[in-house]
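Next come the chains, spelled out residue by residue.
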Amino acid sequence: MSNNTTNERSRRYLNPYLGGVLLGLVLLAANFVSGRGLGASGAVKSVVATTIEAVDKDASETMPFMKEYAGSHSGSPIKSWLVFEMLGVLVGGFLSGAVAGRLKLKVEHSPKITSRRRLIFALAGGTLFGFGSQLGRGCTSGSALSGMGVLSLGGFVTMMAIFGTAFALAYFFRKLWI
Amino acid sequence: MGPLAPNEIISENTNFLLAFFIGIAFGWVLESSGFSSSRKLAGIFYGYDAVVLKVFFTGAITCMLGLLFMSLFGWVDLDLIYVNPTYLTSAIIGGVVMGAGFIMGGFCPGTSFCGAAIGKIDGMVFVAGLFLGVYGFAFTYPLWEKMYMAKYLGEPKVSEKLGMSDGLFGLLMILAAIGMFMVAEWAERKFPREEY
Numbered sequence: 001m002s003n004n005t006t007n008e009r010s011r012r013y014l015n016p017y018l019g020g021v022l023l024g025l026v027l028l029a030a031n032f033v034s035g036r037g038l039g040a041s042g043a044v045k046s047v048v049a050t051t052i053e054a055v056d057k058d059a060s061e062t063m064p065f066m067k068e069y070a071g072s073h074s075g076s077p078i079k080s081w082l083v084f085e086m087l088g089v090l091v092g093g094f095l096s097g098a099v100a101g102r103l104k105l106k107v108e109h110s111p112k113i114t115s116r117r118r119l120i121f122a123l124a125g126g127t128l129f130g131f132g133s134q135l136g137r138g139c140t141s142g143s144a145l146s147g148m149g150v151l152s153l154g155g156f157v158t159m160m161a162i163f164g165t166a167f168a169l170a171y172f173f174r175k176l177w178i
Numbered sequence: 001m002g003p004l005a006p007n008e009i010i011s012e013n014t015n016f017l018l019a020f021f022i023g024i025a026f027g028w029v030l031e032s033s034g035f036s037s038s039r040k041l042a043g044i045f046y047g048y049d050a051v052v053l054k055v056f057f058t059g060a061i062t063c064m065l066g067l068l069f070m071s072l073f074g075w076v077d078l079d080l081i082y083v084n085p086t087y088l089t090s091a092i093i094g095g096v097v098m099g100a101g102f103i104m105g106g107f108c109p110g111t112s113f114c115g116a117a118i119g120k121i122d123g124m125v126f127v128a129g130l131f132l133g134v135y136g137f138a139f140t141y142p143l144w145e146k147m148y149m150a151k152y153l154g155e156p157k158v159s160e161k162l163g164m165s166d167g168l169f170g171l172l173m174i175l176a177a178i179g180m181f182m183v184a185e186w187a188e189r190k191f192p193r194e195e196y
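Sequence order for the protein chains is A and B.
Sequential numbering from 1 applies to the first sequence in the working numbering.
Sequential numbering from 1 applies to the second sequence in the working numbering.
Some hints could be false.
Examples of chain A residues toward chain B, derived with CB under 10 Å [what the hints assert, rightly or not]:
id	residue
1	Val83
2	Arg118
3	Thr127
4	Ser143
Derived pair list, reagent style BS3-like, types lysine-lysine, alpha-carbon separation capped at 25 Å [to be verified]:
id	chain 1	residue 1	chain 2	residue 2
5	A	Lys112	B	Lys190
6	A	Lys67	B	Lys146
7	A	Lys106	A	Lys57
8	B	Lys151	A	Lys67
9	A	Lys175	B	Lys190
Quick caveat, the hints were computed from the structure, so don't treat them as lab data.
Ideal Cβ placement from N, Cα and C applies to all residues, glycine included.
Given the sequences, and given the hints that come with them, work out the whole structure.
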């Protein structure tokens, strides 16, 4: 019985190699259309820059981070390719979840830890990831995946640093997951 | 012909509209591959679920081959394709900080948005964390600026650095990926897993 349920559930996910080919085609389409790859943290950066500018009009002259941002982005920060792309990600993720029957408000965690503990670590992990993505000029999508797709040396270096560190620390955080 | 926007074949607004549709496809593929589940994602680090490795490397290789073929056919001008710049110090340190975030939070930015989209509260909290982290970086940027700009190497391709053609490097990457996939399939059989 439980075996049956497992099979049924796993069938709902795409075959990972097929998923990878489709992901590669999406990344290829992004490059063909815009000349750049995909991204995620860049959209967060745009929203952050927009809010800072809304609160402090002079920030783009007085704040070094905003100066750096303005140097690499023209026009209004919210009107960025990645912001539109990430809005699409929310829609696409929702649609896929709806079709597969996975829409459910829940905290996913190992039975060995409480929801509270999971959420504390999710917040801490998100904060570190957000910070690191700024330092590393992009996250797993924008720097590692898209960088590797165009053979960027930096993309390969960042990919190895992300996965290498996570593997190295896995033992210490094993109770969160197994 | 391609890329379309840099060649001004499509307008800026069309480019934004296509960004939205490309995003829908991106979100769909991530979610339907299981990337909305932190326990599936974290599985790669314990061997019980290697979906991240399989999807990620197949994706990077598909794009790489696609670009190589499209450039051979004259469909895309590779000189106009953005190659991420390499700032060695921050690429490594940023990656290390992100890796720590990955094993603690179980998501990366793109996947956390997918998780949040289907109602994962841990995904929503991770997204809130992303904003905190980016604000944190924005307000402390002068502290990191030197590190952020250190060891700038330009926009080198890894194939150039290794002194081989893109095609040869691509072939080696495919062989390496096949090797990793075989290890991954073995690990998934060895370590028990549940479906989440």
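Hinted contact Arg118/A with chain B - closest CB pair below 10 Å: Nearest chain B Cβ about 6 Å off; hint holds.
Interface hint compliance - Thr127/A to chain B, C-beta minimum distance less than 10 Å: holds, 4 Å
Pairwise hint evaluation, Lys190/B against Lys175/A, where the allowed Cα distance is 25 Å at most: holds, 19 Å
Given hint Ser143/A near chain B, where the shortest CB pair must fall under 10 Å: holds, 6 Å
Distance restraint between Lys106/A and Lys57/A, which requires alpha-carbon spacing of 25 Å or less: violated, 39 Å
Evaluation of the interface hint that places Val83/A against chain B, nearest CB under 10 Å: holds, 8 Å
Straight-line alpha-carbon gap Lys67/A to Lys146/B, limit 25 Å: Cα-Cα ~15 Å, so holds.
Restraint status (C-alpha distance of Lys112/A to Lys190/B at most 25 Å): Within the cut-off at roughly 21 Å; holds.
Pair hint outcome, Lys151/B versus Lys67/A [Cα-Cα no greater than 25 Å]: Judged against 25 Å, a Cα distance of about 21 Å means the pair holds.
Checked against the numbered hints above, the structure violates only hint 7.
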